[in-house]
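S.K.: Protein sequences appear in the order of chains W and Z.
Sequential numbering of the first sequence, starting at 1, is according to the numbering used here.
Sequential numbering of the second sequence, starting at 88, is according to the numbering used here.
You may find that some hints are simply not true.
For lysine-lysine, the following BS3-like pairs were computed, each having C-alpha atoms within a straight-line distance of at most 27 Å [to be verified]:
1. Z:K233 - Z:K153
2. W:K71 - Z:K272
3. W:K24 - Z:K233
4. Z:K153 - Z:K183
5. W:K59 - Z:K194
6. W:K44 - W:K59
7. Z:K153 - Z:K138
8. Z:K183 - W:K25
9. Z:K153 - W:K24
10. W:K44 - Z:K250
11. W:K38 - W:K71
12. W:K38 - Z:K250
13. W:K44 - W:K11
Quick caveat, the hints were computed from the structure, so don't treat them as lab data.
Everything numeric in this text was worked out from a predicted model, so none of it was measured.
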Amino acid sequence: MLDIKISENAKSFLEELDDYELLKKIDNAILTLGRNPKAFPSKKIANHNPTLYRIRLPKSHRLTYQINYKKNYILIVKIGSRDKFYD
Amino acid sequence: MTTSPNLKEVKELIALVFQQSDNVIDGNIRFTKLIFLLTHEVFPEMQELLKFYPDNYGPNSVPMVKIFNNLIDEDLIYWLDAGKDSHYAAEEEFLKYGEEIYKRLPKDAQEEVSILLHDINEWTTDQVLIYIYNMYPEYAVNGRRKNELMSPQMSSVANNLGKLTLPEEEIQELNDIILEVEQGKVSDYNSSDFLIKED
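Bound-form chain Z, shown alone (with noise of 0.2 Å):
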């Protein structure tokens, strides 16, 4: 079978997202969310070819869920359940290819996926739509569960993902930043101190 050079990049990039994830992603939309992620974090250049769109869950692309489903049908990811919250892997040689990509990256590329993906890989799936609602609203605005997801309420409970320790020299480094803090060195943000208008 002749792969497109379209198809081939998508399949690569669903081949880094299982083999990045100790394979197994939970669900459709958290897939999506993933894929979604690495092309506005790290993969620019796939945002044309993936043409993701406003949805009711957030971002969606119809070539990915086609190319997703393709993928599927030739028995490289498989359902590890079909229940409502369906749970997916890939089989050894499709993660196989995966790894082969991921090596072929440049360093700071395997760095910006291994940290994306282990970032919202402590995430459950509320906390992504909710990082992606607020961090890219044009993709919230047809979301059905927005106003739950971003109400203060919701937020305040949701989004706690627990304590994180910092050895000693972060720890002192902050310490002397809110030090000079009290010292004066702080002023009001205005975001017009850093943008600049645009036509």
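Isolated chain W, as found in the complex (with noise of 0.2 Å):
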């Protein structure tokens, strides 16, 4: 089990989302990559150093993160809708 740490841009994004089932399956995901960062289909984002993967959520949604095995974390570094993000 990884700790969770997650940026204030993503805090804010989840503060401000106004769909409680999302924002409850989003929550389920972030427990999820707690357990096992590596437990959804994920993309790893070329040529980005510390490396970082996106995965999609419900409804379109996109989450990066990164996982530091050495310092025993991952950091939830953006969530947002599909328009927000380039891929």
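From the two separate chains plus the hints, produce the assembled complex.
M.R.: If you want it as structure tokens, here you go:
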């Protein structure tokens, strides 16, 4: 089990989200990533250091995160609807 | 033949899936999961109609299977091969029907459908199952391959979708966020900061 950290950017998104069902799904996904950081089909973002991964969330949302095994945490970097992402 | 409103709605959904999936669906499990995700992520009003339940390979729906078989009987959907991993395709008439349905959707729904099917069609059937089992655990309870698919050993290999090249502006945005994190704009994640308690 890894510790879970969240950026201010991602936190703001969750605080402003008014779809409670989606919020519960995102919460479940984040907790799942803490248990198993490779739990979801993910794309590795090319040419980025530190390595970042992106997964799909319901309703065409995206979540970008970083895994730090050395310090035993995952960092939720960014969450948003697909129109706020480029892929 | 008179089509009941319920039957019509499910037929429309199935036509939409074939039309948006380049007219090939690889197998029953994959087809069922595509319909499940459409009803759970784009058209929630269809959930009551299709009554998905947790089956041996994740969510399944008796009404959907019945209507799918009717479409095969009506020669609107056919098997490309009858091997172990059956591929299905739709007749031209049914694809045109799917195209009409797509055009009638509001712009937002069109985008949601296209993005969902674009995402999922990049995935293997195992990856689709892994996504559903993790995101909708209530449908994984009877899953025969649940433990295998959700094990860290399996998922670290199975879930690799390759690399994603982003435009410079998004890389810059991510770098800015990480810089903020390094400057202390980060906190421990706590569900209760976002979720209200339900009675």
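S.K.: A separate judgement is required for each hint: does it hold in the structure or not?
M.R.: Here is how each hint holds up against the structure:
At roughly 26 Å between alpha-carbon atoms, K233 of chain Z and K153 of chain Z fall within 27 Å of each other, so this suggested pair holds. About 18 Å separates the Cα atoms of K71 of chain W and K272 of chain Z, which keeps this hinted pair within 27 Å; it holds. Pair hint K24 of chain W plus K233 of chain Z holds up; C-alpha atoms about 22 Å apart against a cutoff of 27 Å. Distance hint between K153 of chain Z and K183 of chain Z is fulfilled; the C-alpha atoms sit about 22 Å from each other, no more than 27 Å.
Between K59 of chain W and K194 of chain Z, the direct Cα distance comes to roughly 14 Å. Compliance with the 27 Å bound is thereby established for this hinted pair. Distance hint between K44 of chain W and K59 of chain W is fulfilled; the C-alpha atoms sit about 21 Å from each other, no more than 27 Å. Restraint check: the Cα-Cα separation between K153 of chain Z and K138 of chain Z comes to about 13 Å, which is no more than 27 Å; the hinted pair holds. For a cut-off of 27 Å, the pair hint linking K183 of chain Z to K25 of chain W is broken: about 35 Å separates their Cα positions.
Proximity of K153 of chain Z to K24 of chain W is assessed by CA-CA distance (about 32 Å); at most 27 Å being required, the pair is judged violated. For a cut-off of 27 Å, the pair hint linking K44 of chain W to K250 of chain Z stands: about 5 Å separates their Cα positions. Simply put, K38 of chain W and K71 of chain W have alpha-carbon atoms about 17 Å apart, close enough for the 27 Å limit, and the pair holds. With a C-alpha separation of about 15 Å, the suggested pairing of K38 of chain W with K250 of chain Z holds against the 27 Å cut-off.
Annotation: proposed proximity of K44 of chain W to K11 of chain W holds, straight-line Cα distance about 22 Å (limit 27 Å).
Hints 8, 9, counting from the list given before, are not met by this structure.
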